[in-house]
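There are 2 protein chains.
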Amino acid sequence: MDLTQQSPDELAAAADEINQTYESLRGRNLALDMTRGKPAPDQLDLSDEILTIVGPGEAHGEDGTDYRNYGILAGIPEAKAFFAEYMEVATSEIVVGGNSSLTLMYDAMAGGMLFGMPGGDGPWKDAGPVKFICPVPGYDRHFAICERLGLEMLMVPMTADGPDVDAVEALAADPAVKGMWCVPKYSNPSGETYSDATVDRLAAMPVAAPDFRVFWDNAYHMHHLGAGPARVKNLLAACKDAGNPERALMFGSTSKVTHPGAGIAVIAASETNIADAKKKMFFSTIGPDKINQLRHVRFFKDMAGLQAHMDKQAAIIGPKFEAVNEALERRLAGKGIATWTKPEGGYFVSVDVVDGCAAEVIRLAGEAGVKLTPAGSTWPLGEDPNDRNIRLAPTMPSVEEVRAAMEAFCTCVEMACVAKLRDAG
Amino acid sequence: MDLTQQSPDELAAAADEINQTYESLRGRNLALDMTRGKPAPDQLDLSDEILTIVGPGEAHGEDGTDYRNYGILAGIPEAKAFFAEYMEVATSEIVVGGNSSLTLMYDAMAGGMLFGMPGGDGPWKDAGPVKFICPVPGYDRHFAICERLGLEMLMVPMTADGPDVDAVEALAADPAVKGMWCVPKYSNPSGETYSDATVDRLAAMPVAAPDFRVFWDNAYHMHHLGAGPARVKNLLAACKDAGNPERALMFGSTSKVTHPGAGIAVIAASETNIADAKKKMFFSTIGPDKINQLRHVRFFKDMAGLQAHMDKQAAIIGPKFEAVNEALERRLAGKGIATWTKPEGGYFVSVDVVDGCAAEVIRLAGEAGVKLTPAGSTWPLGEDPNDRNIRLAPTMPSVEEVRAAMEAFCTCVEMACVAKLRDAG
Chain A
84 MDLTQQSPDE LAAAADEINQ TYESLRGRNL ALDMTRGKPA PDQLDLSDEI LTIVGPGEAH
144 GEDGTDYRNY GILAGIPEAK AFFAEYMEVA TSEIVVGGNS SLTLMYDAMA GGMLFGMPGG
204 DGPWKDAGPV KFICPVPGYD RHFAICERLG LEMLMVPMTA DGPDVDAVEA LAADPAVKGM
264 WCVPKYSNPS GETYSDATVD RLAAMPVAAP DFRVFWDNAY HMHHLGAGPA RVKNLLAACK
324 DAGNPERALM FGSTSKVTHP GAGIAVIAAS ETNIADAKKK MFFSTIGPDK INQLRHVRFF
384 KDMAGLQAHM DKQAAIIGPK FEAVNEALER RLAGKGIATW TKPEGGYFVS VDVVDGCAAE
444 VIRLAGEAGV KLTPAGSTWP LGEDPNDRNI RLAPTMPSVE EVRAAMEAFC TCVEMACVAK
504 LRDAG
Chain B
84 MDLTQQSPDE LAAAADEINQ TYESLRGRNL ALDMTRGKPA PDQLDLSDEI LTIVGPGEAH
144 GEDGTDYRNY GILAGIPEAK AFFAEYMEVA TSEIVVGGNS SLTLMYDAMA GGMLFGMPGG
204 DGPWKDAGPV KFICPVPGYD RHFAICERLG LEMLMVPMTA DGPDVDAVEA LAADPAVKGM
264 WCVPKYSNPS GETYSDATVD RLAAMPVAAP DFRVFWDNAY HMHHLGAGPA RVKNLLAACK
324 DAGNPERALM FGSTSKVTHP GAGIAVIAAS ETNIADAKKK MFFSTIGPDK INQLRHVRFF
384 KDMAGLQAHM DKQAAIIGPK FEAVNEALER RLAGKGIATW TKPEGGYFVS VDVVDGCAAE
444 VIRLAGEAGV KLTPAGSTWP LGEDPNDRNI RLAPTMPSVE EVRAAMEAFC TCVEMACVAK
504 LRDAG
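Keeping their order, the protein sequence lines are chains A and B.
Taking the working numbering, the leading residue of the first sequence gets 84, the next gets one more, and so forth.
Taking the working numbering, the leading residue of the second sequence gets 84, the next gets one more, and so forth.
In isolation and in its complexed conformation, chain A is listed as follows (with noise of 0.2 Å):
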């Protein structure tokens, strides 16, 4: 039944019944959170022997250098192989940080504003106003970097393919445009995967400024929900074959694969790029937590351990994404009031709603005990401009709690939307 085509009085009947559902919601006293993309804590128990990996006696390198002591500013060598390996890009190519990718990026983008970039004019921020091309719906933490460092953000559309690269080379034609955020497989909160075409548009397309940067967070690298891991396009490679090896910033950690926060994140760019890191990251620190490097190292073993360790990841939150379909499907599949995606990787769904309709939905989940993501978060500055965007997380909760806030959901999407078409009506 398209709610979008029914008469005012089938609309005020649909009202009443979806209005009782909601009452007797309210009445449950729920409380599930689908807010961020956390892991589950059976898939943080998956790597709980990484705790003890490294004891007494055992915190040396392969050469014998003692990991407990200062120093070591780009990464143990273990683990800029293996990163690298993670990485596709050679052991000169790649710096292995702390805990936070989030960290790598605020930093770089940070430096860039500071003290510029190799192949740039200077600090970006003496060269006027600085600008960022920003997919969306996107990563709320990716234009909180942008909006606190006064980046202004320039929106293009996402696409089945990655972001509409028109759109991209249209604005990269202007010199005050320093690069362009990506999450190029399994992009939060959408779940699309980059095309090749579009990995290789992006790598060879021209772009006004010298210093233009693609900041590639590839958080979700191995991060599928079932049928293994999807291919992306290497991107520092697509630069180098078009000319354009500074183009690549790219960005990873073990954030979502081992424990969060007690990670480790790496940064993966041209060598030029990866010696001017190093030389901004010399000013503030000694160096990484390189026992907990090593600890990474010695628990994946190798890369086939990361994939058997990452399987079993989708073994957990795999039926929870099916349920959240199952019950979109189910509950507003033919109704015209929402679209949504299902991904198969990443952390989360993206609900697209009746215009209008996004922040009255979430309100209206909370008032039921079922906390999403706040309204606009996918966007810029906190704006989605038609309200219509829902980002969902459904990892943290168990199965059962996914089916009972998705059945909230899905009724408060129904009440919010109708209520929406019989004004409009």
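No wet-lab data here; the hints were simulated from the structure.
Just so it is clear, CB atoms sit at the ideal spot from N, CA and C, and this is done for glycine as well.
Check the hints yourself; a few may be wrong.
What the hints assert, rightly or not - What follows is a list of derived Cβ distance ranges for each label pair:
#1 B:138 <-> A:385: 18 to 28 Å
#2 B:507 <-> A:154: 37 to 47 Å
#3 A:112 <-> B:145: 25 to 35 Å
#4 B:204 <-> A:95: 36 to 46 Å
#5 B:125 <-> A:168: 29 to 39 Å
#6 B:132 <-> A:289: 52 to 62 Å
#7 A:409 <-> B:138: 32 to 42 Å
#8 B:138 <-> A:506: 52 to 62 Å
#9 A:168 <-> B:422: 35 to 45 Å
#10 A:154 <-> B:125: 16 to 26 Å
#11 B:138 <-> A:154: 41 to 51 Å
Keeping the supplied structure of chain A fixed, place chain B upon it in accordance with the hints.
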């Protein structure tokens, strides 16, 4: 025999003898390193229990919070309680961060440049040239931060009671002067501990900049050499008493307590400054490594446990400092060519030689196989105006190695200074 009172012939004879000693040194193929304040392996062994102290099923807080997951920007409650006691502040006046206090200090200063400080007139970068007071000799990494961020460094001399506060006050009358560096206990490199009167004056002195900050790097808070830690008056308390609660930004870390690089760093300040620090941190991290914070709390247990641990550290490094002093006394006392500190804590001995000789001493020592901190490192921009100061870091080598290094060092001091006296004579 005061070499400065010798005749040219006597100096020539002395030089012959010293040169012979130096040549025999070079034949010994020494390979000794006293460049950096690094703990020795047996110091690191003292903390090896920390590696496995949080095992599977043990990474939860007292309230049940799972510290393996995301979040808790300002540190876990257990660590805040512990380090608040360590820093002598309230739990509301501390942020427990990652592995590097250098990062916290860099971020604080970069944050001042980019965003300003509470009570100020906006970002320092928008206010024209920014200046910072640097007691000399001092810590090279402090100076490097200022240089990197474009702050002009204004030198003030150290006295036995801390920096010359008359000089500090005169400089702070300039509104472009936004603060000063301090290492209040066992200062790096000269070992002084600030007197109560110095702390009170720094807290109460008039300053022109409304957002003037004392960057208080309490790196050696419990790092005594055998006689128990010295007392330094609490700067934050003194600033509150003087009506300047926002003036103090205090830093600490466990880098030379447990395992450098795998430690915990903290910032302690007024609630206003802590709120500002947290706001700035929000954009660059989801949170610190909470498991490593928990390791530290469980390892130390309480302040008495930490003190007992530091007594064991003192038992290891105290004899190394005695070996340094013994050699200096035996070889150089009364010769008129060098003075040195006899610190009661910290990681360094500071030696002043005849003006114009420090770089040559360090060069000679290097050629004889004894690496010393580069000449000028203890001065802003790496330029010791008198070419006089040498920092010795005796913790990393064994006592026997320290003895061998000091014999060589004293020969190099004699050789360089006698040559200088002969040139002058």
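Hint-by-hint comparison with the structure:
1. Evaluation of the 18 to 28 Å hint for residue 138 (chain B) and residue 385 (chain A) yields a pass: the beta carbon distance comes to about 24 Å.
2. A hinted range of 37 to 47 Å holds for the C-beta pair residue 507 (chain B) and residue 154 (chain A), which are about 40 Å apart.
3. For the pair residue 112 (chain A) and residue 145 (chain B), the beta carbons lie near 27 Å from each other, so the given range of 25 to 35 Å is met.
4. A hinted range of 36 to 46 Å is violated for the C-beta pair residue 204 (chain B) and residue 95 (chain A), which are about 59 Å apart.
5. The hinted range of 29 to 39 Å is satisfied by residue 125 (chain B) and residue 168 (chain A), whose Cβ atoms lie roughly 36 Å apart.
6. At roughly 59 Å, the beta-carbon separation of residue 132 (chain B) and residue 289 (chain A) lies within the given 52 to 62 Å, and the hint holds.
7. Between residue 409 (chain A) and residue 138 (chain B) the beta carbon distance is about 38 Å. The supplied range of 32 to 42 Å therefore holds.
8. Separated by about 58 Å at the C-beta atoms, residue 138 (chain B) and residue 506 (chain A) satisfy the suggested range of 52 to 62 Å.
9. Hint check: residue 168 (chain A) to residue 422 (chain B), Cβ distance near 55 Å, so the stated range 35 to 45 Å is violated.
10. Between residue 154 (chain A) and residue 125 (chain B) the beta carbons are some 18 Å apart, a value that agrees with the proposed interval 16 to 26 Å.
11. At roughly 28 Å, the beta-carbon separation of residue 138 (chain B) and residue 154 (chain A) lies outside the given 41 to 51 Å, and the hint is violated.
When each numbered hint is compared with the structure, violations occur for hints 4, 9 and 11.
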